[in-house]
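Take these sequences, add in the hints, and give me the full structure.
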Amino acid sequence: AQTVTQSQPEMSVQEAETVTLSCTYDTSESDYYLFWYKQPPSRQMILVIRQEAYKQQNATENRFSVNFQKAAKSFSLKISDSQLGDAAMYFCAYSQIYNNNDMRFGAGTRLTVKP
Amino acid sequence: DSGVTQTPKHLITATGQRVTLRCSPRSGDLSVYWYQQSLDQGLQFLIQYYNGEERAKGNILERFSAQQFPDLHSELNLSSLELGDSALYFCASSVGLQGSDTQYFGPGTRLTVL
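Protein sequence lines, in the order shown, are assigned to chains A and B.
Read in order, the letters of the first sequence correspond to residues 1 to 115 in the working numbering.
Read in order, the letters of the second sequence correspond to residues 1 to 114 in the working numbering.
Hints are not guaranteed to be accurate.
[What the hints assert, rightly or not] Incomplete in silico selection of chain B near chain A, CB under 8 angstroms: (1) 99; (2) 107; (3) 112; (4) 114.
Note that these hints are calculated values from the structure, not bench results.
For glycine and all other residues, C-beta sits at the position ideal for the given N, C-alpha and C.
What follows is the structure, given as structure tokens:
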């Protein structure tokens with residue numbers, strides 16, 4: 001069974017600095033999707049970024065980028081120029097390629113941004 | 001705003017009671033998912049419906065049931081409630097069933113069982 005592990009329960013970063021959140025996963029599939037979701041204090045789950053495993057190029061969305069290491073089964077999220085509004089829980093998630101009905105989430109990393 | 005709506009936002013009830021949570025998916029989305037998030041934990045997949053039919057079950061208790069109606073809205077029914085059922089319940093929707101079909105989440109319903 002696929003599992004997703006986030007080994008950092010909490011992280012903090014100074015405003016305008018860069019922070020990297022870690023995620024590892026376990027799967028026997030060769031193709032799949034990986035996601036980072038953000039959950040601010042409002043508790044809304046917001047999609048931050050998505051990576052397709054068969055694409056070697058790392059996904060980027062403005063200040064958010066990923067470092068996808070397929071062989072190492074690692075999928076880290078880098079937030080550049082951190083802003084106060086980035087403070088939230090961040091969840092890494094895995095989805096199979098042919099069906100998305102069993103999306104697996106990690107336990108989350110709570111990010112604090114210090115002014 | 002994801003386009004997925006959930007009602008009510010908050011629900012407080014007593015042990016042994018039954019409640020119904022409602023979800024309306026984004027326009028055009030056929031697939032609906034229900035997740036449970038207990039305090040400071042990740043999301044656990046409960047159940048999925050696609051175009052009115054149940055497609056997959058996750059860690060859903062027998063006391064819980066769901067359905068998707070012809071207008072594609074979905075309801076999650078929780079019965080014989082226990083203290084441990086207190087959680088945030090999310091609904092998500094997607095266009096289809098493929099892994100490439102991103103799930104968009106509603107704002108959640110916070111259930112408190114006293």
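Do the hints match the structure? See the list:
For residue 99 of chain B, the shortest C-beta to C-beta distance to chain A is roughly 4 angstroms, which falls under 8 angstroms, so the interface hint holds. Of the supplied interface hints, the one on residue 107 of chain B holds, with its beta-carbon coming within about 5 angstroms of a beta-carbon of chain A, less than 8 angstroms. Restraint check, residue 112 of chain B versus chain A: the minimum CB separation of about 14 angstroms is more than 8 angstroms; hint violated. Hint on residue 114 of chain B is violated. Least Cβ distance to chain A is approximately 20 angstroms, over the 8 angstroms limit.
This entry does not satisfy hints 3 and 4, going by the numbered hints stated previously.
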